[in-house]
Amino acid sequence: MVSEEEVRHLARLVRLDVTEEEIPPLQKHFNEILEYFHSLGNMDLDGLDPYDPEESPSCPLRNDEVRLWGQRDAALEAAPEREGDYFKVPRIVGEVGKEDE
Amino acid sequence: MNEFSSAAETASRIRNGDITASAVIEETLRVIEEKEKDLNALITFLREEALQEAKELDRRIAAGEADGPLLGVPVVVKDNMCTKGIKTTCGSRILERWKPPYDAWVVEKLREAGAILVGKSNMDEFAMGSSTEHSAYGPASNPWDIERVTGGSSGGSAASVSAGYVPVALGSDTGGSIRQPAAFCGVFGMKPTYGLVSRFGLVAFASSLDQIGPFARNVEDLALMLSVISEHDPRDATCVGADRPDYLAAAERSSLAGVKVGVVREFLTAAVEPEISKVVLDTAAAMKEAGASLVDVKLPSAGKAGLPCYYILAPAEASSNLARYDGIRYGKREEACDLMELYFKTRGSGFGKEVKRRILTGTYVLSSGYYDAYYLRALKVRRLICMEFESAFEKADLILMPTAPSLPFRKGELVDDPLQMYMSDVFTLPVNLAGLPGLSMCVGRSGKGLPLGVQLVAPQWQESLILKCGRAVEDAFGPAPVAGRGGM
Numbered sequence: 001m002v003s004e005e006e007v008r009h010l011a012r013l014v015r016l017d018v019t020e021e022e023i024p025p026l027q028k029h030f031n032e033i034l035e036y037f038h039s040l041g042n043m044d045l046d047g048l049d050p051y052d053p054e055e056s057p058s059c060p061l062r063n064d065e066v067r068l069w070g071q072r073d074a075a076l077e078a079a080p081e082r083e084g085d086y087f088k089v090p091r092i093v094g095e096v097g098k099e100d101e
Numbered sequence: 102m103n104e105f106s107s108a109a110e111t112a113s114r115i116r117n118g119d120i121t122a123s124a125v126i127e128e129t130l131r132v133i134e135e136k137e138k139d140l141n142a143l144i145t146f147l148r149e150e151a152l153q154e155a156k157e158l159d160r161r162i163a164a165g166e167a168d169g170p171l172l173g174v175p176v177v178v179k180d181n182m183c184t185k186g187i188k189t190t191c192g193s194r195i196l197e198r199w200k201p202p203y204d205a206w207v208v209e210k211l212r213e214a215g216a217i218l219v220g221k222s223n224m225d226e227f228a229m230g231s232s233t234e235h236s237a238y239g240p241a242s243n244p245w246d247i248e249r250v251t252g253g254s255s256g257g258s259a260a261s262v263s264a265g266y267v268p269v270a271l272g273s274d275t276g277g278s279i280r281q282p283a284a285f286c287g288v289f290g291m292k293p294t295y296g297l298v299s300r301f302g303l304v305a306f307a308s309s310l311d312q313i314g315p316f317a318r319n320v321e322d323l324a325l326m327l328s329v330i331s332e333h334d335p336r337d338a339t340c341v342g343a344d345r346p347d348y349l350a351a352a353e354r355s356s357l358a359g360v361k362v363g364v365v366r367e368f369l370t371a372a373v374e375p376e377i378s379k380v381v382l383d384t385a386a387a388m389k390e391a392g393a394s395l396v397d398v399k400l401p402s403a404g405k406a407g408l409p410c411y412y413i414l415a416p417a418e419a420s421s422n423l424a425r426y427d428g429i430r431y432g433k434r435e436e437a438c439d440l441m442e443l444y445f446k447t448r449g450s451g452f453g454k455e456v457k458r459r460i461l462t463g464t465y466v467l468s469s470g471y472y473d474a475y476y477l478r479a480l481k482v483r484r485l486i487c488m489e490f491e492s493a494f495e496k497a498d499l500i501l502m503p504t505a506p507s508l509p510f511r512k513g514e515l516v517d518d519p520l521q522m523y524m525s526d527v528f529t530l531p532v533n534l535a536g537l538p539g540l541s542m543c544v545g546r547s548g549k550g551l552p553l554g555v556q557l558v559a560p561q562w563q564e565s566l567i568l569k570c571g572r573a574v575e576d577a578f579g580p581a582p583v584a585g586r587g588g589m
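Going down the list, the protein sequences come from chains A and B.
Position one of the first sequence corresponds to residue 1 (the working numbering), numbered consecutively onward.
Position one of the second sequence corresponds to residue 102 (the working numbering), numbered consecutively onward.
Bound-form chain A, shown alone (with noise of 0.2 Å):
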């Protein structure tokens, strides 16, 4: 079982911000679809390897050589906010107890 306490330790892991009501369907959503893939216990999967590479058509490899792409300023125009050439930012290191810090 999925407790609640896990499912909010998964959204700090992921940076999403779960509001409390949001937790319980959550959990329940979890647990069902955890339980789901257990009913498979029974399964004899034993000798399968899932790297098994399966005989395809080859993909070939391009060169790795350096292109220009002349997209640059329409990149950094997508940007929520920028300055210049960069990305802009707000201040990386946070206020002091936070928990990721």
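Read the hints as simulated data drawn from the structure, not as lab findings.
Keep in mind the model is a prediction, meaning the values are calculated, not measured.
The beta-carbon is built from N, C-alpha and C at its ideal position, and this holds for glycine as well.
Treat the hints with care, since some could be wrong.
Said to hold, decoys possible - Simulated DEER-style distance windows between Cβ atoms: (1) B:LYS188 x A:GLU6: 34 to 44 Å; (2) A:ASP49 x B:ASP344: 42 to 52 Å; (3) A:ARG12 x B:ARG354: 57 to 67 Å; (4) A:GLY41 x B:LEU382: 45 to 55 Å; (5) B:ASP473 x A:HIS9: 35 to 45 Å; (6) B:GLU332 x A:TYR51: 41 to 51 Å; (7) A:HIS9 x B:GLU332: 40 to 50 Å; (8) A:GLU5 x B:TYR472: 17 to 27 Å; (9) B:ASP344 x A:GLN71: 24 to 34 Å; (10) A:LEU13 x B:ALA338: 26 to 36 Å; (11) A:HIS38 x B:GLY392: 39 to 49 Å; (12) B:GLY548 x A:ILE23: 42 to 52 Å; (13) B:ASP139 x A:ASN63: 44 to 54 Å; (14) B:THR339 x A:ASP46: 26 to 36 Å.
Using the hints, position chain B against chain A.
Quick look at chain B alone, frame taken from chain A:
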């Protein structure tokens, strides 16, 4: 030229000078304006852009400078494919104003072929959903009954073709997101073999499963679209280098003599809508009539374990792919006093309910201590499902099964019951897990007038065989009609 015309016919009439691209686009815009209020199939409607492009195309045609297999054909593309300078929201608030600086490979190919983009279609946020209700831009409605869902996640593309906005559209399919809405909206939709079509510029959901494919109302148009988009692209390292066969030739009428069609009888149980089971058997009979022989095949693990396996693997990949939405380089950003708060608030308000569910599930199954029990085990189940398909294809050349177990459900009916919603993909997602090509075809209507779909599945790279068999099925049951306008 009207909303019933095929892409092939439209391009050919424009090429011959029977009609202008501008006239075709004006008619398209008229149909969209008439129906879009009810359907909400498009997130972005490119009205002025399409008119302008059509005018320019007519000028180039008159000067002998333009031709292509989709000359002047109006198309709709799912809103998770990048369009240069045109909003690409992925159905999410987090990308609500994002305009990519480049076109996806498939969009480039459509433009080169002469197609005119008239809209970006509605979808479940980040392609996570089976009803297009998980769109930040409101649900799309089924053209056959606007109280019901379109299916998803490519619901807007399916509805656009079904309602006669456009003859062809593109969707993406990670667990059934082309085929299930094709069945729900009564059109044809094809997921090619993993690696046939470049994913360059497709917003990633689950990278080992995602594949782009076409919607159409007949098999010839599917073949036409596939031939345009399926070339090798060096920018997608999983896109195979081999030459593609002549898909249009494969879609021509031919006998099915020598083709062994495998019917999965265990999929026609009480859990499947009886009217759907019936059309699967009717389709088998029609294929036999066209010269095929029928054999029984079994896919026990695919049917039983495919769904839980998929809902471990796809969220795991999604949790990693969606880590990039952090409010720094593009997309939405919430005001915050430090970087950590910015991440939490941006992602918390930018992602919807279903996306949060999947990110968290994926993170859980990948976390240390649970990796072997869930992720690794699911990978093994995936391998088992691949092997099961391989042995089924020793007996049969092609497999016939339902696309979805149910008819299109009512809006709101399953939106708070994710597991029940996931059941909608029970027959489509094993095909993604095995990387196989699948085609969903509308072959009839239920007593209530709702579309009924069946699915053809072939070994990897056998799109030609699917198109050949699909053509025989179309000859027996007719092309997909425009919703509410005769046919079948």
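To see whether the hints hold, each was checked on the structure:
1. B:LYS188 x A:GLU6: 34 to 44 Å: This hint holds: roughly 37 Å between Cβ atoms.
2. A:ASP49 x B:ASP344: 42 to 52 Å: Once the Cβ atoms are compared, 31 Å apart, the range 42 to 52 Å for ASP344 of chain B and ASP49 of chain A is violated.
3. A:ARG12 x B:ARG354: 57 to 67 Å: Distance hint for ARG12 of chain A, ARG354 of chain B holds at roughly 60 Å.
4. A:GLY41 x B:LEU382: 45 to 55 Å: 34 Å, violated
5. B:ASP473 x A:HIS9: 35 to 45 Å: Taking Cβ atoms as reference, ASP473 of chain B and HIS9 of chain A lie about 20 Å apart, which means the hint is violated.
6. B:GLU332 x A:TYR51: 41 to 51 Å: 29 Å, violated
7. A:HIS9 x B:GLU332: 40 to 50 Å: 46 Å, holds
8. A:GLU5 x B:TYR472: 17 to 27 Å: 20 Å, holds
9. B:ASP344 x A:GLN71: 24 to 34 Å: At 31 Å between Cβs, range holds.
10. A:LEU13 x B:ALA338: 26 to 36 Å: 29 Å, holds
11. A:HIS38 x B:GLY392: 39 to 49 Å: Distance hint for HIS38 of chain A, GLY392 of chain B holds at roughly 46 Å.
12. B:GLY548 x A:ILE23: 42 to 52 Å: 43 Å, holds
13. B:ASP139 x A:ASN63: 44 to 54 Å: 51 Å, holds
14. B:THR339 x A:ASP46: 26 to 36 Å: For ASP46 of chain A against THR339 of chain B, whose Cβ atoms are near 29 Å apart, the range 26 to 36 Å holds.
Hint compliance for this structure: hints 2, 4, 5 and 6 are not met, and every other hint is.
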